[in-house]
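Protein chains in written order, with the numbering used here: chain A, 54 to 260; chain B, 10 to 193; chain C, 30 to 357.
One should not assume that every hint holds.
Straight-line Cα separation of at most 30 Å, DSBU-like style, residue types lysine-lysine; simulated pairs [what the hints assert, rightly or not]: (1) C:Lys338 / A:Lys121; (2) A:Lys116 / A:Lys126; (3) C:Lys62 / A:Lys110; (4) A:Lys86 / A:Lys110; (5) B:Lys96 / A:Lys86; (6) C:Lys62 / C:Lys90; (7) C:Lys94 / C:Lys173; (8) A:Lys116 / A:Lys102; (9) A:Lys86 / C:Lys338; (10) B:Lys147 / B:Lys172; (11) B:Lys173 / C:Lys338; (12) C:Lys94 / C:Lys104; (13) A:Lys60 / A:Lys86; (14) B:Lys173 / B:Lys147; (15) A:Lys158 / A:Lys60; (16) A:Lys126 / C:Lys104; (17) A:Lys110 / A:Lys60; (18) C:Lys173 / A:Lys121; (19) B:Lys96 / B:Lys190; (20) C:Lys90 / C:Lys104; (21) A:Lys177 / A:Lys116; (22) A:Lys102 / C:Lys94; (23) A:Lys110 / A:Lys121; (24) B:Lys172 / A:Lys86; (25) A:Lys177 / A:Lys158; (26) A:Lys126 / A:Lys110; (27) C:Lys104 / A:Lys121; (28) C:Lys90 / C:Lys173; (29) B:Lys172 / C:Lys338; (30) C:Lys62 / A:Lys116; (31) A:Lys102 / C:Lys338; (32) B:Lys33 / C:Lys173; (33) A:Lys158 / A:Lys116; (34) A:Lys126 / C:Lys90; (35) A:Lys158 / A:Lys126; (36) A:Lys126 / A:Lys234; (37) C:Lys104 / B:Lys33.
FYI, nobody ran anything at the bench for these hints, they're computed from the structure.
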Amino acid sequence: MSLEHFKNRNVGTQNYRMLDLDPTPVTGWGQFKQVVRRSLSLELLVGLKVTLREMLKALLFGKMHTTKYPFEKLPIGPRYRAIHEMKRLLESGHYRCIGCGLCEKICPADAIRMDTHYGENQRKEVSEYTINFGRCIFCGYCAEVCPELAIVHGGRYETASEQRASFSLFEDMLTPIDQLKSQREFPGYGSVSVNADTNIKKTPLAY
Amino acid sequence: MIPFAFYLFAILITGLFLVTVMSKNVLYAMTSLAAGMVLISGLFFILGADFLGVVQLIVYVGAVMAVYAFAMMFFDVTRDVEERHDKPWLVFLLGGGIAVTLVVIFAAPIMGETVHALYPPVAGATNPQAVGLVLFTKYLLPFEVASVMLLVAMIAGIILAGKKMEISLSAMDEDMIADTKEHA
Amino acid sequence: MMEVTYLGIIIKAILILAIISAIAGFGTYIERKVLAFMQRRLGPMHVGPYGLLQIAADGIKLFTKEDFIPQNANKLMFMVAPVITAATAFIALSAVPVFPDFTIFGIFVPSIAADVNIGILFVLGMMAAGLYGPLLAGMSQANKWGIIGAARTAAQFISYEVVTGLSLLAPIMMVGSLSLIDFNHYNETHPWMVFMQPVAFVLFLIAGFAETNRTPFDLLENEAEIIAGYATEYSGMRWGMFFIGEYANMITVSVLASIIFLGGYTDLWFIPGWLAIILKIAFMFFLMLWVRASWPHVRPDQFMWLAWKVLMPLAVINVVITGIVIMV
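Chain A on its own, in the form it takes in the complex (with noise of 0.2 Å):
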């Protein structure tokens, strides 16, 4: 089924089909009737061919609907929100979070806890970042709230572990320095289009 077609909610233009049932019978004898007119045309055994069929199905063309999870996984969808990410600038290697407090002050469960203080270059470092898990909802306003795309969701939705803090540190979440390469940048809210590149005609500073 394709997705505009699941999409469709106009009852009536689908292809919906009306079961010929009779009216509950009131009557004794209509009940009667009902129970032989059942009991004679073996409508019981139409449920025990269903599941034979599916266990044939399942048993000789392989058509079984199990995922044994923790060898496979589905594939999760790109704007998946599960434990965050800070990314990192690409040419520097330094972490893109600018320390402004943003996401901070917008997170509704009040779960992001951020410190700052002036590095040796007068350059505003974030000192402290923790996200406290706990009360994390995933709602994904710290990362749509982020202006310089530094704080997003990642894939990582297996979220057991033996100590809540496993996650939550700014290192831990921060792309490791040597897999910079291959970072990704998250497409939900707050990310650059696609296109991004054909819609900007001429660099800001132009105007």
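With chain A held as given, fit chains B and C onto it using these hints.
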């Protein structure tokens, strides 16, 4: 082998029925009564009356005791039963009298010399067939009378239980229930 | 005909106990697999090849679980009840012939452990006595779900014993014996009983499902309505004994249906008798799982309605018609 089995069963049955009478707990009383019924069927098997043994099993254990158990659902089985004993000597006298009478009745044929079976078992017939032969020849009339009596009891039970069956109290509101009470 | 010795009977009894309890354990694996396949799942896969050692894992779990007894429960009855279920299930099997006679190490092993000449009645009676397991379990555990389960046990077993007995009466009249071995011999010379008594076969199946507490009729422990009914407070091996009893009863009903209605252990075309009966029992067992995968539960009042207003009159009519046909 057979005397040993008989005494084993006899002791067990007596013990279990004593528990039935003595126990203050409904659940113990019921269970020991049912277990005693099972063991009585063992006595029938020892005597070679397989059919009666199984009938004992099905009727008493499977049906009668199950109906008792159904009635037990209305009691709190975790609580002990307090029995009132107004005149213990009367109970003892009546119970003992009945017991002695029963022993005399069943012991008399053993003592007597002239007692013999009127309908000796037919040679070659298995146990159910022998029961059938006696039941449908000599005891045909009592058998049929008993069956008619059971039929009457069954119809009476259905009528008693089925009275006002079309009235559902749970489907009525309280005023309607009060109305039906006034009319009744 | 060789002489039946005590040793032969003991061997048979040990065989029944060992094989049936092993099959009862294995039945849980089969049930989970079949139900999984019917829903296009895989079922147990991880313990051993194809999950075959799942039984061992389950057994270890059941044995090492805490044996929990509720505070207000009647402790003795609570502990005895599961044993009653398991014991009556195996005692019922003692009067059921499973394989043809055979000889091992020169010892004659009869097809039946106790060849009482009222075999069918004995099996039915013992299965009727099996109602005390769930009943006492439900009443002793001081739990309202247990009480409801026990009440349903009493109602369901009493009602469906009537249907089982009456439905088997017609085949008994045709064979003229209550011994299951005579039933088997009858099938050697006549067409299978299922073709001569189709109504009795269907009635026996329905009542058999009800007496073994299988799915369309498993109202005693219907988890959608009464948590687990009589087994609510049970854990560990005591719960496991209810399970073994249920599976042993399923096997008993399968064997009864195979012998009475499906030709028993007579040779079938080129298939030898022992293989034929195994196939028949396996099919009956599979049918129970198949039905469980296909059909929903029945409501308790509909269930009683079915027993007394539909099945019992049908069984009585069937007996009367059979009697008329035999007389004419």
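Each hint, compared with the structure:
no.: 1; hint: C:Lys338 / A:Lys121; result: 49 Å, violated
no.: 2; hint: A:Lys116 / A:Lys126; result: 17 Å, holds
no.: 3; hint: C:Lys62 / A:Lys110; result: 15 Å, holds
no.: 4; hint: A:Lys86 / A:Lys110; result: 36 Å, violated
no.: 5; hint: B:Lys96 / A:Lys86; result: 63 Å, violated
no.: 6; hint: C:Lys62 / C:Lys90; result: 19 Å, holds
no.: 7; hint: C:Lys94 / C:Lys173; result: 24 Å, holds
no.: 8; hint: A:Lys116 / A:Lys102; result: 17 Å, holds
no.: 9; hint: A:Lys86 / C:Lys338; result: 15 Å, holds
no.: 10; hint: B:Lys147 / B:Lys172; result: 40 Å, violated
no.: 11; hint: B:Lys173 / C:Lys338; result: 19 Å, holds
no.: 12; hint: C:Lys94 / C:Lys104; result: 18 Å, holds
no.: 13; hint: A:Lys60 / A:Lys86; result: 43 Å, violated
no.: 14; hint: B:Lys173 / B:Lys147; result: 43 Å, violated
no.: 15; hint: A:Lys158 / A:Lys60; result: 36 Å, violated
no.: 16; hint: A:Lys126 / C:Lys104; result: 49 Å, violated
no.: 17; hint: A:Lys110 / A:Lys60; result: 29 Å, holds
no.: 18; hint: C:Lys173 / A:Lys121; result: 40 Å, violated
no.: 19; hint: B:Lys96 / B:Lys190; result: 41 Å, violated
no.: 20; hint: C:Lys90 / C:Lys104; result: 23 Å, holds
no.: 21; hint: A:Lys177 / A:Lys116; result: 57 Å, violated
no.: 22; hint: A:Lys102 / C:Lys94; result: 40 Å, violated
no.: 23; hint: A:Lys110 / A:Lys121; result: 19 Å, holds
no.: 24; hint: B:Lys172 / A:Lys86; result: 26 Å, holds
no.: 25; hint: A:Lys177 / A:Lys158; result: 17 Å, holds
no.: 26; hint: A:Lys126 / A:Lys110; result: 23 Å, holds
no.: 27; hint: C:Lys104 / A:Lys121; result: 44 Å, violated
no.: 28; hint: C:Lys90 / C:Lys173; result: 27 Å, holds
no.: 29; hint: B:Lys172 / C:Lys338; result: 18 Å, holds
no.: 30; hint: C:Lys62 / A:Lys116; result: 15 Å, holds
no.: 31; hint: A:Lys102 / C:Lys338; result: 28 Å, holds
no.: 32; hint: B:Lys33 / C:Lys173; result: 22 Å, holds
no.: 33; hint: A:Lys158 / A:Lys116; result: 50 Å, violated
no.: 34; hint: A:Lys126 / C:Lys90; result: 29 Å, holds
no.: 35; hint: A:Lys158 / A:Lys126; result: 35 Å, violated
no.: 36; hint: A:Lys126 / A:Lys234; result: 25 Å, holds
no.: 37; hint: C:Lys104 / B:Lys33; result: 15 Å, holds
Hints 1, 4, 5, 10, 13, 14, 15, 16, 18, 19, 21, 22, 27, 33, 35 from the list above are not met by this structure, while the remaining hints are.
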